[in-house]
Each structure stands twice: as structure tokens, then as C-alpha cells.
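Novice: Protein sequences appear in the order of chains Z and G.
For the first sequence, numbering that gives the first Met the number 0 begins at 0 and goes up steadily by one.
For the second sequence, numbering that gives the first Met the number 0 begins at 0 and goes up steadily by one.
In short, the hints are calculated from the structure, not lab data.
Just so we're clear, the structure is a prediction, and the values are computed from it rather than from any experiment.
Treat the hints loosely; a few may be bogus.
[What the hints assert, rightly or not] With a cut-off of at most 20 Å between alpha-carbon atoms, the simulated EDC-like pairs for lysine to aspartate or glutamate come out as follows: (1) G:100 to Z:70; (2) G:100 to Z:90; (3) Z:182 to Z:166; (4) Z:181 to Z:166; (5) Z:245 to Z:198; (6) Z:181 to Z:90; (7) Z:233 to Z:289; (8) Z:181 to Z:198; (9) Z:233 to Z:179; (10) Z:182 to Z:198; (11) G:100 to Z:202; (12) G:100 to Z:198.
[Claimed, not checked] One side of the interface only, derived from the structure: several residues of chain G facing chain Z at Cβ under 7 Å: (13) 6; (14) 16; (15) 104; (16) 109; (17) 152; (18) 200; (19) 230.
[What the hints assert, rightly or not] Rough simulated footprint, nothing fancy, chain Z against chain G, three-plus residues with beta-carbon under 8 Å: (20) 8-15; (21) 245-256.
Ideal Cβ placement from N, Cα and C applies to all residues, glycine included.
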Amino acid sequence: MEYAVYAEGLRKSYGGVEALRGVDLHVPRGTVYGLLGPNGAGKTTTMGILVTLIKPSGGRAFVAGYDVVEEPQRVREHIGVVFQEPTVDRDLTAWQNLYIHGRIHDLSRNEIEHRARHVMELVGLEKFLHRRLRSYSGGMIRRFEIARALLTEPEVLFMDEPTVGLDPQARTRVWEVIEELKKTGVTVFLTTHYMEEAERLCDTVAIIDRGVVVAEAPPEELKARLGGDTLYLKTASPAEARRLLKLAAGYGDARLAEDGVTVVLVARDAPRLLPTLLQEARATGVSVIESRYVRPSLNDVFLMLTGRSLRDEEGGWSDWMRLHMRARR
Amino acid sequence: MPARPRWLPAFQAMAWRQLVRFLSARSRVANSLVFPLIWLLFFGLGWSAAFNVLGPAARGIFGGLSYLEFLAPGIVVMTVFTAGFGSGLGIIWDREFGYMKELLVSPAPRGALLLGRLVGDTVAALAQGAVMALLVSAVAGWPGVWGLLGGLAAAAAAALASASLGSLIALSMRSPEGFHMVVNLVMMPMLFISGAFYPVDPLPAWLRMLAYLNPLYYAVDLARGLMYGVHSTPLPLDVAGLAAVTAVAVAAAVARFSRTYIA
């Protein structure tokens with residue numbers, strides 16, 4: 000099978016409440032894949048099924064080529080998992096945690112020693128190998144968990160909201176680690192409700208809302224569905240603006256702004272289009288005195304697909320719900 | 000790429016983890032010694048003085064032993080048995096602090112993970128039992144090296160049983176509060192009906208039946224037989240009973256853990 004993760008019609012209901020209503024996923028090997036959606040959309044449930052901790056009510060899923068329900072043992076041999084909440088033994092040192100992790104994944108002591116140094120360097124914690132995790136900050140624990148998950152050289156690395164609850168600095172560190180991972184060829188599957196995170200890290204983004212994947216494509220492609228970028232070209236006079244308007248109309252949806260001297264153009268691939276336009280404008284004797292363009296964000300995509308904004312979901316009752324649910328567990 | 004994980008590394012790692020945790024939690028060790036020591040001193044010395052009023056006749060009640068001698072093996076077994084229940088508490092904390100997920104997504108056989116934990120905790124409990132055995136020997140009388148070791152062996156089996164029971168309860172409970180409630184509900188009657196504090200023989204038949212289902216009864220009887228040469232059940236029967244009840248408890252806990260999903 001060519002997909003590192005493949006899911007078809009995944010369903011999960013908790014006492015009549017449907018958390019997942021048919022989730023399809025196609026994750027190519029060696030890519031970073033993001034499941035993006037507001038809290039409560041079903042991200043954590045989906046990941047729980049993929050890492051064999053939650054039994055689906057319906058549908059099928061394969062990770063590294065193995066069925067998560069039929070062969071959970073094989074799946075577990077090929078994955079690394081970083082959960083949303085810490086899953087370390089804080090009373091032990093980083094080394095002791097790594098040692099146990101390695102042993103329960105059947106690595107020899109030599110292999111563990113050898114790789115421990117490598118993974119701790121990767122996340123920038125090599126100096127803290129023999130510290131108890133109790134002394135680690137939240138950001139360090141998250142990075143340590145990434146290191147631990149990589150100890151077994153997994154085919155697929157799962158990360159549930161890798162930067163939630165981290166301060167901006169710690170978040171950037173985690174992003175840098177994930178970007179570093181891209182070079183190693185490991186497949187990364189992450190969930191997030193931060194679109195900046197999805198845009199920056201992911202080769203493919205699946206947008207999930209209310210238990211269904213509503214779109215799955217590279218971020219650029221998703222944004223292109225909005226019709227493209229918006230370019231603003233300001234000229235010196237209304238006459239020049241009208242001439243530029245005719246020219247711009249050949250590239251997309253063009254109109255004149257209210258000031259009468261600015262041309263507004265909605266078109267694909269603004270970064271490449273802009274220099275071309277400027278060149279052609281100069282050739283026809285129009286002088287552009289100001290130019291800029293705005294690219295749509297994944298939030299705009301989410302808004303188009305669901306009629307709601309991702310940002311609306313933050314800090315509201317859904318966060319409260321999540322805290323509540325976590326406490327119950 | 001890891002090959003199919005074998006049994007032994009996971010078992011060994013988990014046992015090692017429990018011992019490292021035990022050695023770094025000295026307060027817990029002290030705590031588990033204090034409770035039985037209070038029993039021995041205040042309960043044991045108190046009743047011992049009361050029975051002395053009867054003079055030599057009191058020994059008749061306790062198979063020819065003084066009350067302190069009668070109580071001593073029970074105290075050792077009790078120490079180890081209550082310490083064993085702490086294994087379940089470890090599971091509760093692992094779940095609360097998320098570590099359980101780390102174990103559940105590993106490919107290690109569930110049986111190896113749980114048995115490693117149980118054995119690690121049993122060894123830790125036994126270390127506490129050894130300290131207690133030396134203390135009670137000082138108070139009640141030296142049972143000899145072999146007596147002491149025999150008593151500890153019986154206690155070890157009891158610890159494995161209680162660790163299994165504690166784990167079984169922990170895996171079935173949603174909250175730490177629920178765990179404490181059920182453990183108290185289970186542990187208290189087991190301690191009282193174990194023959195540690197009073198002989199089981201004169202009890203009404205239905206109470207005696209309950210005692211025969213109690214792994215602690217066999218452990219106490221066996222320990223007393225080996226330490227001071229007095230027992231109510233033939234020793235081979237004690238060994239068989241203890242082994243059977245412990246095996247059932249371990250098997251039940253492993254079966255429960257093998258079926259554990261988070262949802």
C-alpha cells in the first residue's frame with residue numbers, strides 16, 4: 000500500500016452521540032499531514048483510533064499497511080505517538096524514561112544508549128538526559144516526548160496538538176523540530192486547531208468539522224479554491240488606472256477601487272503574477288506607485304467550507320468542555 | 000525497525016521501573032511500616048497483657064503460642080499484603096498522569112507489562128516485609144533463619160495476590176476515590192478474616208468458609224507454621240490454597256489488562 004495512513008468511513012459514537020461520522024484520510028508516505036479543525040471536531044478521537052487506543056464503531060483504517068482493528072500489535076510496532084497531555088513518568092529521569100520505552104519496544108540496551116543521544120540532540124535536550132522530568136518545563140516535556148517517540152525509528156509519528164498550551168517560544172522550538180523531521184523521511188500525522196501551524200508545517204491538510212473531513216489537499220490548493228489572491232495596484236491617475244484595469248482583466252477578476260486610482264485583481268499565484276503585471280504596465284506607459292497582495296488563509300478556507308470561523312471556536316465553551324472531559328478521564 | 004517485541008524485555012523493564020520508583024519514594028516505605036507497627040505495639044501488646052491475666056490457659060487459645068508469637072507472622076503478612084495493594088494505586092496514578100497511554104500504545108505483550116509491574120511491586124513489598132519480620136522477631140521471639148525466610152516466602156505470595164487484586168480493582172475503577180473505597184471494602188474484611196488477629200478454627204462455619212477463600216488466610220497459616228510451628232491447616236494444603244487463589248487473581252488481572260482500551 001502506498002499510503003502511510005489510510006482511513007475509510009471511520010465512525011465512532013459514544014452512547015448515541017456521533018463523534019465521527021465517516022472520516023476518510025489519505026496520507027502519503029514521507030509527508031507531514033495535518034488534521035485541522037476546531038475543538039470537538041473529532042481530531043483526538045480520529046487519532047485515538049489510528050494509534051489503536053480507541054475502537055472504531057465502523058469503517059476501516061490502515062497504518063503502515065496494517066489494519067488498526069485486526070492487527071493492532073503490528074501497528075504499534077511501527078508508530079511513535081505524542082499525546083496532547085504528557086505521558087511520561089515524572090519521577091524518573093529522561094534516560095530512565097527512554098530506557099523503559101526502548102525495552103518495551105524490544106530495543107537492546109546498546110541500541111537505546113546509541114539512539115538516546117541522537118534523539119535528545121535532535122530536540123535540543125542532550126544536556127538534560129539525566130535530569131528527572133519533574134524539573135522539565137512544559138515545552139521541554141513536549142520535546143522530550145517527541146524524542147522518545149522517535150527512539151524506535153517509527154514509520155509514522157502521530158502528534159496530537161503538538162503545541163497546544165505552549166508559550167510562543169516553546170511552540171517555535173517544536174515547529175523547528177518537526178521541520179527537521181521532514182528531512183528524515185518519517186511520515187508525520189498531526190492534529191491541530193492552529194491554522195498557522197497547519198500552513199507552516201503540513202504538506203497536506205485535512206479539514207475536519209463535526210466528525211467529517213470536508214476537504215483534503217495541500218494548503219496552497221485549498222486556498223486556491225477561494226479563487227486566488229487579491230492584488231492591489233495603485234497608479235498615479237484615474238486614466239492610468241483605467242488602462243491598467245483593461246490589462247489586469249486578462250488575468251482574473253479585476254475592478255477599480257473606490258479611490259479611482261487603485262486596481263483590485265483577484266487571481267491565482269500573486270507572487271509570480273505581480274512582477275509580470277508590473278512589467279506589462281510599464282511597457283504600456285502606466286506607472287504603478289504602490290503594489291501589494293493578500294493571500295487567503297486556511298481560516299478563510301474553513302469559513303468557506305463550514306460557514307464558521309476557526310477562530311470563533313477558540314476560548315469558548317469548547318475549551319471548557321475539553322477541560323471538563325479531561326478531568327473526567 | 001523493531002522486530003516482534005518479546006516478552007522478557009518488557010517484563011524486566013516494568014519490574015525495574017517499579018523498583019526504581021520504590022527506592023526513590025522513601026516516605027511511602029516508612030508509611031507502609033508504620034501501620035502494621037501500630038498494630039503490633041498497641042493491639043498486640045495490649046491483648047497480650049489482657050491474655051496474661053488468664054495465665055498459661057491463654058496459650059490454649061493460640062495453639063500453645065503466646066499472643067505476640069501468634070500475632071507476629073500475621074503482622075508480617077499484613078505488611079506485605081497492604082503494600083501489595085499499592086500496585087493498584089500505581090495503575091491509578093499512571094492513568095491520571097497519562098503514563099498508561101505510553102504503555103498501551105507500545106507493542107509489548109500486555110501480560111508482560113502487567114506481570115513485570117506486579118513482580119516489581121511484590122519485591123518492593125517483600126523488602127518492607129523483611130524489615131517488619133526482623134522487628135517482630137525482636138518483639139515476639141526469633142523464629143530461626145529458615146522460619147523467617149519461609150514466613151517471607153508465604154508473605155510474597157500474598158503480596159502477589161494483593162497486587163493482582165489491587166490492579167484488577169484499579170483497572171475497573173474510573174476514579175482514585177472509587178479505588179480507595181473498594182480497596183478498603185475488600186482489604187479490611189480480608190485482613191480480619193485471615194486468622195492474623197484471632198484463630199479461625201472456633202469461628203462459625205460460614206465465616207470459616209470465607210476464610211478458606213481468602214488468600215491471606217493460607218499465607219498467615221503458612222507463615223505461622225513455618226515461623227513458630229503452629230498451624231490449623233496442613234501446610235501442603237496452605238501452599239496449594241495460596242498458589243491457587245494467587246494464580247486466579249493474577250490471571251484475572253492480566254485478562255482485564257489485555258482488554259483495556261481507553262474507549
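Novice: Now tell me if each hint is right for this structure.
Specialist: Here is what the structure says about each hint:
Only pairs whose Cα atoms come within 20 Å are accepted, and residue 100 (chain G) paired with residue 70 (chain Z) is accepted, the gap being roughly 18 Å. A distance of roughly 17 Å separates the Cα atoms of residue 100 (chain G) and residue 90 (chain Z); the hinted pair therefore holds under the 20 Å criterion. Note on residue 182 (chain Z) and residue 166 (chain Z): the hinted pairing is violated, with a Cα-Cα distance of about 25 Å set against a maximum of 20 Å. In summary, the hint linking residue 181 (chain Z) to residue 166 (chain Z) is not supported, as the alpha carbons are separated by about 23 Å, beyond the 20 Å threshold.
Between residue 245 (chain Z) and residue 198 (chain Z) the alpha-carbon distance is near 34 Å, which puts this suggested pair outside the 20 Å criterion. A threshold of 20 Å between alpha carbons decides the hint, and for residue 181 (chain Z) with residue 90 (chain Z) the separation of about 32 Å lies outside it, so the pair is violated. The straight-line distance between the Cα atoms of residue 233 (chain Z) and residue 289 (chain Z) is roughly 5 Å, inside the 20 Å bound, and the hint therefore holds. This hinted pair checks out: residue 181 (chain Z) and residue 198 (chain Z) have alpha carbons roughly 15 Å apart, not beyond 20 Å.
For the hint pairing residue 233 (chain Z) with residue 179 (chain Z), the CA-to-CA distance comes to about 41 Å; that exceeds 20 Å, so the pair is violated. Taking the CA atoms of residue 182 (chain Z) and residue 198 (chain Z), the gap is about 18 Å. The hint holds against a cut of 20 Å. Taking the CA atoms of residue 100 (chain G) and residue 202 (chain Z), the gap is about 28 Å. The hint is violated against a cut of 20 Å. Our distance criterion of 20 Å between C-alpha atoms is broken by residue 100 (chain G) and residue 198 (chain Z), whose separation comes to about 29 Å.
For residue 6 (chain G), the shortest C-beta to C-beta distance to chain Z is roughly 10 Å, which exceeds 7 Å, and the interface hint is violated. Annotation: residue 16 (chain G) was flagged as interfacial toward chain Z, and the flag holds, the nearest CB pair being 5 Å apart, inside 7 Å. About 5 Å separates the beta-carbon of residue 104 (chain G) from the nearest beta-carbon of chain Z, less than 7 Å, and the hint is met. Because the beta carbon of residue 109 (chain G) sits about 10 Å from the nearest beta carbon in chain Z, more than 7 Å, this interface hint is broken.
For residue 152 (chain G), the suggested interface contact is broken, since its CB lies about 28 Å from the closest CB of chain Z, more than 7 Å. Among the interface hints, the one on residue 200 (chain G) is violated; its C-beta lies about 46 Å from the nearest C-beta in chain Z, farther than the 7 Å criterion. Hint status for residue 230 (chain G): violated, given a least beta-carbon distance of 41 Å to chain Z, over 7 Å. With a cut-off of 8 Å between beta carbons, the region 8-15 of chain G has 6 residues touching chain Z; three or more are needed, and the interface restraint holds.
Counting residues of the region 245-256 of chain G whose beta-carbon sits less than 8 Å from any beta-carbon of chain Z gives 0, not enough to reach three: the coverage restraint is violated.
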